[in-house]
Structures are given as structure tokens and as C-alpha cells.
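Asker: Chains as they are written, first to last, in my numbering: chain D, 1 to 222; chain U, 1 to 222; chain C, 1 to 222; chain W, 1 to 222.
Keep in mind that the hints are not guaranteed to be accurate.
Intra- or inter-copy, both count: the list cannot distinguish identical chains.
Stated by the list, open to error - 20 Å max Cα-Cα, derived SDA-like pairs, lysine to any residue:
(1) Lys83 x Val21
(2) Lys117 x Gly142
(3) Lys83 x Ser201
(4) Lys197 x Glu4
(5) Lys183 x His44
(6) Lys103 x Val91
(7) Lys183 x Arg96
(8) Lys197 x Pro87
No wet-lab data here; the hints were simulated from the structure.
4 protein chains.
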Amino acid sequence: MAVELIDSMGNDDSVARSARVSSGTNGDEKQNRGLLNMLMRDRHGSPFESVVFQFRIECPIFVAREFFRHRIASYNEVSGRYKILEPTFYVPDPDRPLMQIGKPGAYRFEAGDDVQKAVTLRAHMRAAEVTWDYYETLLASGVARETARNVLPLSLYTSFFVTMNLRGLLNFLSLRWAHEDSKVPTFPLYEIEQVAKQMDSLARGICPVTFEHFDKHGRVAP
Amino acid sequence: MAVELIDSMGNDDSVARSARVSSGTNGDEKQNRGLLNMLMRDRHGSPFESVVFQFRIECPIFVAREFFRHRIASYNEVSGRYKILEPTFYVPDPDRPLMQIGKPGAYRFEAGDDVQKAVTLRAHMRAAEVTWDYYETLLASGVARETARNVLPLSLYTSFFVTMNLRGLLNFLSLRWAHEDSKVPTFPLYEIEQVAKQMDSLARGICPVTFEHFDKHGRVAP
Amino acid sequence: MAVELIDSMGNDDSVARSARVSSGTNGDEKQNRGLLNMLMRDRHGSPFESVVFQFRIECPIFVAREFFRHRIASYNEVSGRYKILEPTFYVPDPDRPLMQIGKPGAYRFEAGDDVQKAVTLRAHMRAAEVTWDYYETLLASGVARETARNVLPLSLYTSFFVTMNLRGLLNFLSLRWAHEDSKVPTFPLYEIEQVAKQMDSLARGICPVTFEHFDKHGRVAP
Amino acid sequence: MAVELIDSMGNDDSVARSARVSSGTNGDEKQNRGLLNMLMRDRHGSPFESVVFQFRIECPIFVAREFFRHRIASYNEVSGRYKILEPTFYVPDPDRPLMQIGKPGAYRFEAGDDVQKAVTLRAHMRAAEVTWDYYETLLASGVARETARNVLPLSLYTSFFVTMNLRGLLNFLSLRWAHEDSKVPTFPLYEIEQVAKQMDSLARGICPVTFEHFDKHGRVAP
Numbered sequence: 001m002a003v004e005l006i007d008s009m010g011n012d013d014s015v016a017r018s019a020r021v022s023s024g025t026n027g028d029e030k031q032n033r034g035l036l037n038m039l040m041r042d043r044h045g046s047p048f049e050s051v052v053f054q055f056r057i058e059c060p061i062f063v064a065r066e067f068f069r070h071r072i073a074s075y076n077e078v079s080g081r082y083k084i085l086e087p088t089f090y091v092p093d094p095d096r097p098l099m100q101i102g103k104p105g106a107y108r109f110e111a112g113d114d115v116q117k118a119v120t121l122r123a124h125m126r127a128a129e130v131t132w133d134y135y136e137t138l139l140a141s142g143v144a145r146e147t148a149r150n151v152l153p154l155s156l157y158t159s160f161f162v163t164m165n166l167r168g169l170l171n172f173l174s175l176r177w178a179h180e181d182s183k184v185p186t187f188p189l190y191e192i193e194q195v196a197k198q199m200d201s202l203a204r205g206i207c208p209v210t211f212e213h214f215d216k217h218g219r220v221a222p
Numbered sequence: 001m002a003v004e005l006i007d008s009m010g011n012d013d014s015v016a017r018s019a020r021v022s023s024g025t026n027g028d029e030k031q032n033r034g035l036l037n038m039l040m041r042d043r044h045g046s047p048f049e050s051v052v053f054q055f056r057i058e059c060p061i062f063v064a065r066e067f068f069r070h071r072i073a074s075y076n077e078v079s080g081r082y083k084i085l086e087p088t089f090y091v092p093d094p095d096r097p098l099m100q101i102g103k104p105g106a107y108r109f110e111a112g113d114d115v116q117k118a119v120t121l122r123a124h125m126r127a128a129e130v131t132w133d134y135y136e137t138l139l140a141s142g143v144a145r146e147t148a149r150n151v152l153p154l155s156l157y158t159s160f161f162v163t164m165n166l167r168g169l170l171n172f173l174s175l176r177w178a179h180e181d182s183k184v185p186t187f188p189l190y191e192i193e194q195v196a197k198q199m200d201s202l203a204r205g206i207c208p209v210t211f212e213h214f215d216k217h218g219r220v221a222p
Numbered sequence: 001m002a003v004e005l006i007d008s009m010g011n012d013d014s015v016a017r018s019a020r021v022s023s024g025t026n027g028d029e030k031q032n033r034g035l036l037n038m039l040m041r042d043r044h045g046s047p048f049e050s051v052v053f054q055f056r057i058e059c060p061i062f063v064a065r066e067f068f069r070h071r072i073a074s075y076n077e078v079s080g081r082y083k084i085l086e087p088t089f090y091v092p093d094p095d096r097p098l099m100q101i102g103k104p105g106a107y108r109f110e111a112g113d114d115v116q117k118a119v120t121l122r123a124h125m126r127a128a129e130v131t132w133d134y135y136e137t138l139l140a141s142g143v144a145r146e147t148a149r150n151v152l153p154l155s156l157y158t159s160f161f162v163t164m165n166l167r168g169l170l171n172f173l174s175l176r177w178a179h180e181d182s183k184v185p186t187f188p189l190y191e192i193e194q195v196a197k198q199m200d201s202l203a204r205g206i207c208p209v210t211f212e213h214f215d216k217h218g219r220v221a222p
Numbered sequence: 001m002a003v004e005l006i007d008s009m010g011n012d013d014s015v016a017r018s019a020r021v022s023s024g025t026n027g028d029e030k031q032n033r034g035l036l037n038m039l040m041r042d043r044h045g046s047p048f049e050s051v052v053f054q055f056r057i058e059c060p061i062f063v064a065r066e067f068f069r070h071r072i073a074s075y076n077e078v079s080g081r082y083k084i085l086e087p088t089f090y091v092p093d094p095d096r097p098l099m100q101i102g103k104p105g106a107y108r109f110e111a112g113d114d115v116q117k118a119v120t121l122r123a124h125m126r127a128a129e130v131t132w133d134y135y136e137t138l139l140a141s142g143v144a145r146e147t148a149r150n151v152l153p154l155s156l157y158t159s160f161f162v163t164m165n166l167r168g169l170l171n172f173l174s175l176r177w178a179h180e181d182s183k184v185p186t187f188p189l190y191e192i193e194q195v196a197k198q199m200d201s202l203a204r205g206i207c208p209v210t211f212e213h214f215d216k217h218g219r220v221a222p
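Please construct the entire structure, taking both the sequences and the accompanying hints into account.
Answerer: In C-alpha cells form, the structure reads like this:
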């Protein structure tokens, strides 16, 4: 899972400037801190749309599938119709909890025993190898890329650009990271949480005051 | 590929009624026909947002991936995190062109020879069988559904509800069906075109005048 | 302020049906109640997008200006470019609090004394009369409608259709009605709150279970 | 009408970079020109969402009302609830055509004679003066700002920030400027066209190749 910040527009001051147009006031740095606190606390979201990020994400298709459900964002992705894909596949890392206990909406996860780890590793590796063989055979036979890729698994890596404003990003983070400060419970997929953590870290560097108040007020998107 | 119309709101008259609020006029059936013609021709899109459809779609994941790129729509999909999936896989039908000739943005397709057909069929069937075995083994070992499903291929069927207004639908159709009346060239994936044709047919039954003008004016979304 | 429900699609059952596609389960009426409770509590918003309403609203322009800031909705409005407008103006009703105390984001309101009531009434009525005279003079002189209407005040009534899904409506209501059950403080304009109350009442008749849980969980949009 | 470019992200190269992710190719400057030409011609819109602008606009309320109908954008505006407004009013400039001939959707405009010019000027100035007096009287009487502003006319200037991506901007321009290169007829309000021209000029400086192809292909938004 790789997340790269490609470009951005604006910062904490942009949020304050956009908010201040409504009342026609100005403020110094300390007053801007207070303003951002109030905006986050009382859920005044629109000023946070003045900051925009473009990220490049590399992740398995099953993660991208969840990511693209966030509709207030712009996407450009590798196309299996146009490009000969590369054999990069996801294999769960040792920290990935393998046991899912409970019912939808309230799962708990546990680590999994050695047998489960072994079978998981083996299934991921073998599914990748076998399906990649079929993919290459199809291409070698002159079959269209867009048909050949059908046999590839959801663990295949994909790559995309996403452009998202700060408000949309905070909403993404509120749902995709079960952070210790989260006030509303969320049960994100382990792998998308890895992506969310990196996005949080990169954006936090640009808007530190916004993220401080986001954490403080329970990581609910304004 | 199965498309079912689950519910809808409004029809051609709703479009006319919404459009007429701007000028405060009324019109009979014939005048409404003329009005819809003008709205389509001059690209006045907003009145077409007064009609809404909900469809249930069953299609392979690689089709759903394209479908979900349409952001002005609402989606609810089978979740591989919550549900034990069913072993229904896509296999290209005999009419599916298998050879892709030319370059991105201007591909031509040709049928493919008997060898290509055979290798395509075999690859799809074997990839399905092998990966499904791994999926079942993982589940039997107590591995979480959300991890087990990673090994399944893009040819696996998924199922979702989509709620979309008529304007969004016309945009979808303009891009996803290379119709003989299309004025702007488009190169849709064969399989999503099968979905688009069924959606067109179902919605056309509800808004025949809108679709008549859509065809007449080159299937460009208003 | 007049609010009319023109059309709608779906109800509480549609929400449950869309939510259940993710897990592939079915449920009876009692189980659907529990499901809707969980969706609202844990902020699973997308199933609520399966229900859609179209309203016709008549309200002053200063209210419409706030309303149209809700972007996930479809609008068609009377056009002062195309239509000769009608002389219907807003005059504050006796319950409209006239004094604004405190600072932005935390105003309190008080009723206002008799002098304030009289000056408010007179100003609204005289501004309407004087500007309407100019409007009619301009039209009589052959000046374009779209230029003549510039002189009319924000208290002039307008009329529009809005199509909005249930999730968007709940978000609207969470911001535009300072309801006694509201968990997040909001300071809506008195007049838009009158509109919100009517919309709540009309939609509640169609989705009673959704609204029951909306109230119970603090009227925070899912 | 004042338009200021406050901030931006990206340029023509960002569009090319986002588009190229789909095929995994690279290109030099000349190839990027060809790529942007193809994207515009064949209506591949999403790469143009990688460029974002923030503008500050000052315009009369009747212009802002049209502007805010563009929903894929972010807005922050002066609030008459929070701020004591300033007495800046629009008066039609001498080039503003005053006569509207024909029917909705196909108006022609003509200059207007001297009498029409005089009555238009007088009506705008007098409506501004009279209503401003009432506004000040209401404030002086302690009436809330949000109620006092109701009496002000649509010709009052407002001020707002808008954040919009390049694709949204091109759509705005296709509808709000009846440019000589426009392939689809449009009948924008004279005053919003003045705003559109300034936005076009500012954004064109950042994405010259995009705008060259936009003009060449008939100013239809991709």
C-alpha cells in the first residue's frame, strides 16, 4: 500500500479565509485557531472544501473498490483495457487479523493461528500464480487485454490518482480509520485503514490545526 | 448480466412540469413533446433530474468497477466482508469479440478465431474453479470472509442496487453504449454495453418521448 | 411559505432492502425496524439514498438562497428572465423574533418590542410597493424582464421544485431545524425552519420508522 | 463585477499525467498536446478534474443566484445574517442590451433607446436608495441583520469564494458565455457572461493548451 501526495492547494489559512468571508472579519493566527475549532465543533463544513489534495494510491483492487465508493472525489485509474498489467499481488502482512468474530456491523477481529496464517499465505500466492499464468496465456494467444484481465484476482494491485478536498478527506478518514479518538464507531477493512493512515499523515502536515481539532472533536467530519 | 427495474419516480410529464416552472406556463401533450425536444437539443439538463430510477444489476466485478465510476448515483452492493459469496462467474458469450486492434481510444474489435475462443473459455473456467477452491478452503479454515474473497477473480458476479436520475442515466448511456445514433464516438466495454442496453430498454418504457429525442439528437446527455 | 409533496419513490422498506443487499439477508417488519435503527445510529447513510422526494416550495428569495446551497439535490425554479413575476412579498409574521443578540455562530433571538414590529412591517411593505412600481414601470417601458427584476427585493416570493433523496433531506433537516432532539447545535434562519418543518412532516408520513430513529439518535444525518 | 484568482492547483501537465495513468505511458510536451486534444474531442472529462481553482467573485445577487446553480463547486459567501452589508449596487452599464425580443430559450437582445436607458438607470438607483434607507432604519431600530436585509434588492452586490475544478469550470463557461466558438447555442445573462469572461481569461493563463482545444472543439465541456 503506497500513498503519495502529488499536489495540493491551500492550508489552514485558506479554511479560515473562506469562513471569514461570511462575516467580513479578519483574524490573526490565534483567532484562526479558535475559528477552526468552532467550525469543526459545530459542523460548518464548507470552508474545509477550500483545501484540495491530489494523491497517488497503490493498493489491491479490493481496497480500490471500497475507496471509489467515495463519490465526492475525482479518479483516474490504471485501465486493464489499455495497459498490460503488472504481476504485483497483495499478500496479507503478519499483523493482518485473520479471524472475524461476531455479526455484520460489529465484527471483532483476532490474529489467527499458525495454520490460518499458512493457508492464507498459500492461497494468496497460488491464486496469484495460477491466474497470472492464464492472463499471460490469453495475451500470448492474442486475446484482448480487457478480456484477459477478467481472470485476475481482487488481490491484484492497481494504481490511481484521487483528487479530494479536505472535507471529503475528513469524511473518508472518519469512516476508514477506527482511530482511538473516533467518537462514532467504525469498522473499516484492515487494508483500507493502512491507506487512510498514510493519507491522514500527509494531509496533517499541510493542515495541522484542522487535524488537531478533527481529533479533538471525535474525528467526525464537519 | 441481469438488469431489473425495482422502482421509479416520474415520467416524461414530470420533466415537462419541472421545466415549465421557469416560465410559469402550461402545455398539452403535443406542446410537451416540443418542449422535451427543445430541452434535449439545447442541453437544458436539470428538468431530467426530476425522474429517478432504481435498478438491481447483476454483473461481473470488472463491469461493476466501471459502473461505479458514475458518481451521481447511489449504490448498495453485496459485501464480500459480510456475505459468503456465491460461485457465479462470467464466461464470455460466443458473440464477445476477442481481438482488440489499434490503440487506446480507438480500438477496433474482431471476433477471434477458434483457438482464441477455446483458450478464453478454458482460462475463465479454470481460474474460477481454482480460486473458488481456495476461497472455500480459507472459509473452512476459519479465515475471515473479507480476507478469503481476495483470491477471487474479477469475473465473479456481484449484485447491486443503483438509484440514478434520468439525466445521470442518459449520461451513462451516452458513454456505455456505442449506439448507431451516437454522435460522439464512444468505445464501451462489450459487457457494460449489455447492461446499458437493458437499462435503456427499461427506462424507455417509462419516458418514451425523452428517449425518442435522445436518439434523435445524437444520444448526447443534456 | 408553502411546501407540497409532488412525488416520491420508496419508503422505509426500500431502505431496508437496499441495506440488506450487502449481507444477502431478508427480514420481517420487526427486524427491519432494528436494521434501520442500526443504520441511523452507526451512520450508514447510503441505503437512505434509495428513497427520493420531489417537493414544490414557495418561499422568499432570501430563503431560497439558503436552500440552494444544498448541492445534492435537483432544482427547477421560476425564472425572472422568462416570466413576468407576481407581486407576492414576505412580511414577517408576529412570531418572528426580531432581535439578534450575541455573536455569529451563537446568536440568541428575542421577540422585539412594538416599535421594532411596526418599523419592520412598514419597511417590508414599503420596500415591496416602491420596488414593484419600478418593476412595472420598467416592463411598461419595454425593458427586458431580466433587467427589470433587478430592482425587486429579497423578500419577493419565488417558487421551485426540488428533488432530494432521503439522506440529503435528513442532512437538510439536521441543519435547518433547531429541533429539541437535535444533538448538534444549529442556528437556522427562522423562515427556512418553517420550510424544514413542513418537509419533515410530509416525508415522515412516508418513512415513519426512519424519522423515529432520526429523532432518537439526535437528528444527525447518517 | 470583479473576479480574482485566489489559488490554484495543477495545470495542463496535471491533466496529461492523470490521463496517462490509465495506459501507463509517458509523453513529451508535443505528445501531451495531442493527448489533451483527444481528451477534449472525445469527451474524456475526468482528467480535467485534476486542476482546481479558487476564485473570489463580486457580483450582484441576481448573478450569484445563477452561479450557485452550479453544484459541483464549493462556495463561501458573505452572510447577511452575520455581517452589516455594504451599499454597493449594480447599475447596468451602457453596453447592457435592454430589449428582450422573442421567446424563452431563443431571445434576441437589442440595445434599447434613450428613454429605456434613462428609466433603467433611474429605477436601479432609486430602488437602491430607498431600500438602503429602510435597511439602515431597521438596523438603527435594533432589528436583526437577517431580517433587515430582506428589503434589499437583487441588484445588491455580494461577494463569495468559489472552488471549482477545471472540468466544472469548462461546463460553467460552455453555458455562461455565448462565445463565437460555441457549438451548442446558449443564451446567458449578460452580467454572468462578464463574470465568465474573466474566469476564462484567468484560468486560460494556467492551462493554455486545454483552453486552446476547448475553443477548437466548440466549447463543449468534456
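Asker: Which of the numbered hints are not met once you compare them with the structure shown?
Answerer: Hints 3, 6, 7 and 8 are the ones this structure does not satisfy, whereas the remaining hints hold.
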